Amino acid sequence: MTGTTPTRLALALAGLIAALAPGASAQEPPKPRQIVVNVAGGDTLAATRRIFFAEYEKRYGIRVVDSSPTNFAKLRAMVESGNIEWTVTEIGGEDAVRGQRMNLFEPIDRTVVPMDELPSPARDRKVTLARGVYSTVLAYRKDAFKPGAYPTGWKDFWDVKGFPGPRSMRNRAIDNLEFALIADGVPVDKLYPLDVDRAFKKLDEIKPHVAVWWSTGQQPAQLLIDREVVMTTGWNGRFYKMQREEAGVDVAWPGAMVKVGTFGVVKGTANAYWGQKLLAVFLEPKLQAAYAEAVGYPGTNPKGWEFIDKAAFKYFPTSPDNLPYVGWTNDEWWADNGAAVEERFSRWLLAR
Amino acid sequence: MSISLPADEPPRAGIAARLGGGAGPFVLGLPALVFLLLLFVGPVLRLLVLSVEGGDLAAYEKAVTDGLYLTVFWETFRIAAIVTAASIVLGYPVAYWLTTVSRTTAAIGFACILVPLMTSVLVRTYAWMVILGRNGIINRALRDWGLIDAPLPLLHNLPSVVIGMTHVLLPMFILPVYSVMVRVDRELLRAADGLGASGGQIFARVYFPLTWPGVLAGGTLVFIVALGFYITPALLGGGRIIMIANVIENQVQTLLDWRFASALSMVLLLATLAIQAASSRVQAPRG
Numbered sequence: 001m002t003g004t005t006p007t008r009l010a011l012a013l014a015g016l017i018a019a020l021a022p023g024a025s026a027q028e029p030p031k032p033r034q035i036v037v038n039v040a041g042g043d044t045l046a047a048t049r050r051i052f053f054a055e056y057e058k059r060y061g062i063r064v065v066d067s068s069p070t071n072f073a074k075l076r077a078m079v080e081s082g083n084i085e086w087t088v089t090e091i092g093g094e095d096a097v098r099g100q101r102m103n104l105f106e107p108i109d110r111t112v113v114p115m116d117e118l119p120s121p122a123r124d125r126k127v128t129l130a131r132g133v134y135s136t137v138l139a140y141r142k143d144a145f146k147p148g149a150y151p152t153g154w155k156d157f158w159d160v161k162g163f164p165g166p167r168s169m170r171n172r173a174i175d176n177l178e179f180a181l182i183a184d185g186v187p188v189d190k191l192y193p194l195d196v197d198r199a200f201k202k203l204d205e206i207k208p209h210v211a212v213w214w215s216t217g218q219q220p221a222q223l224l225i226d227r228e229v230v231m232t233t234g235w236n237g238r239f240y241k242m243q244r245e246e247a248g249v250d251v252a253w254p255g256a257m258v259k260v261g262t263f264g265v266v267k268g269t270a271n272a273y274w275g276q277k278l279l280a281v282f283l284e285p286k287l288q289a290a291y292a293e294a295v296g297y298p299g300t301n302p303k304g305w306e307f308i309d310k311a312a313f314k315y316f317p318t319s320p321d322n323l324p325y326v327g328w329t330n331d332e333w334w335a336d337n338g339a340a341v342e343e344r345f346s347r348w349l350l351a352r
Numbered sequence: 353m354s355i356s357l358p359a360d361e362p363p364r365a366g367i368a369a370r371l372g373g374g375a376g377p378f379v380l381g382l383p384a385l386v387f388l389l390l391l392f393v394g395p396v397l398r399l400l401v402l403s404v405e406g407g408d409l410a411a412y413e414k415a416v417t418d419g420l421y422l423t424v425f426w427e428t429f430r431i432a433a434i435v436t437a438a439s440i441v442l443g444y445p446v447a448y449w450l451t452t453v454s455r456t457t458a459a460i461g462f463a464c465i466l467v468p469l470m471t472s473v474l475v476r477t478y479a480w481m482v483i484l485g486r487n488g489i490i491n492r493a494l495r496d497w498g499l500i501d502a503p504l505p506l507l508h509n510l511p512s513v514v515i516g517m518t519h520v521l522l523p524m525f526i527l528p529v530y531s532v533m534v535r536v537d538r539e540l541l542r543a544a545d546g547l548g549a550s551g552g553q554i555f556a557r558v559y560f561p562l563t564w565p566g567v568l569a570g571g572t573l574v575f576i577v578a579l580g581f582y583i584t585p586a587l588l589g590g591g592r593i594i595m596i597a598n599v600i601e602n603q604v605q606t607l608l609d610w611r612f613a614s615a616l617s618m619v620l621l622l623a624t625l626a627i628q629a630a631s632s633r634v635q636a637p638r639g
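Chains as they are written, first to last, in the working numbering: chain S, 1 to 352; chain Y, 353 to 639.
A hint or two may mislead.
Said to hold, decoys possible - The calculated lysine-lysine pairs, modelled on BS3-like cross-linking and capped at a C-alpha distance of 30 Å, are: (1) Lys314(S) / Lys303(S); (2) Lys190(S) / Lys74(S); (3) Lys414(Y) / Lys201(S); (4) Lys241(S) / Lys303(S); (5) Lys126(S) / Lys142(S); (6) Lys31(S) / Lys414(Y); (7) Lys126(S) / Lys303(S); (8) Lys146(S) / Lys126(S); (9) Lys414(Y) / Lys155(S).
These are calculated hints, taken from the structure and not from any lab test.
Computed from a predicted model, the values in this text were never measured in an experiment.
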């Protein structure tokens, strides 16, 4: 009777699961009273707490203590000294690659974290989870230009005659090199390996028009508000509220560079298992959608878009509206070349 | 590091001896000594070890031969010197004024000097951004009065960094100078006057030499503290004014080259000690 085979199989599976389930929960490590999770500060911390931590605390009865900001140097010191304060930490894209190479993270336990729901390459990550993305974008003051004649990309950022006024860029090479190459005509999907010489040559053109080389994330929005500059680079979440409230600041998406925001379980932490459980919560599409609505940084789980209003798609770097026009930062390239290129950039910045 | 201020009072060795027997001064100094050993000498030694990790001096070689870092060191010393000069020019008359006014006025004067000293450097730095910005108080006033059409670039340059740093460091100059000035014997000035010296001569040949130890102490203090400034140049310099502390931070946080960061720190420390040693050997100008 061939018809019974699937049923038998299902029964056998159910039995297997039933047999395993009590065993699995018995093997669950003891619950700590609390875990410490290190995240980037500001609005993202508040939203992470309200959306992800609240759910985790409710589900497992473990308190989440947060600390911030993300700090790769501190993470490295923690693992090297064996004095591990954080259970889980957020970490920037190329730092995640470096952290993996320096062996600073526990591998992701795929039996706990449903990574298969993610598209590649997020699915193929081994030690850090890509919870969401963030993007370095071109933001501008609308009142600095004629209505409708707003900058639309990096060519316009470099066009100081057509779009006059002081600019601001970050005081680091990352993103700036990509933007220079895009302004010079390189398509966003053909950026890597970066032609560093060509990028610096193009950066020479814009250097006299950069009034401020920003160093902290809140500076760009403040510079726009204070009218210190008419356009700037910056992380999209910093402009998200102003965009949604139509507060006179908007973002040009074409050529924005997208990066994954990742989390890892810190190597040697006593509560690794419960850290993995938190990573699993991070992947839930409904929570990711709520987080995107709150701060402008969408999640990696494609099911998340089902929970976001289509009219709001224009505010997110990887929404179906904007995805075709953005570039993806190659973390591997930056992990390999970052140190040398950043030093060259510092040198370039100091040269008169 | 110790700044040699003239002692305010004769040493009270008697009390120390009565409190701790023969080893009194040492026992009394012990808590401070332990504190310094644990929180200053210890970390400095760790930095030293870190800077020669790998058994060679490659990090030092890079720190003192690479044009980039030499430029930054030079720029750092130049800014510290400008800030010190500005503190002397602004602070010396204020300190003198404080010695001439009534007690009440002096108390108000000191409050004006000390309250900013106790305010966060960050807050004071942001205040300068509000004042000097393209849309700041000065530019808006000038525009409203019709004196300018386009905003003046007052912020994000060397002058704004110097203004911000001088504002932060000025009290550190005024206080040591004042402590020397109050003890200058006025009879000497009157004697010089009686012997027919002009006002300028009295100042140049009597008063200034007598207050020189205070100028030296205050100036050294301002210079050394200025060498290590970080947040003010970072915010008021718009990323274009780069001092050595900004480079060290970049090495630690971004490039993760702790060995090189340690070497840069040690070079800065050595330079600081050298300045301190040199300043304690400088003689008062002869009147």
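Going down the list of hints, with the structure as the test:
no., hint, result
1, Lys314(S) / Lys303(S), "holds, 17 Å"
2, Lys190(S) / Lys74(S), "violated, 35 Å"
3, Lys414(Y) / Lys201(S), "holds, 26 Å"
4, Lys241(S) / Lys303(S), "holds, 24 Å"
5, Lys126(S) / Lys142(S), "violated, 43 Å"
6, Lys31(S) / Lys414(Y), "violated, 50 Å"
7, Lys126(S) / Lys303(S), "holds, 22 Å"
8, Lys146(S) / Lys126(S), "violated, 49 Å"
9, Lys414(Y) / Lys155(S), "violated, 38 Å"
In terms of the numbered hints stated before, the structure departs from hints 2, 5, 6, 8, 9, listed from lowest to highest.
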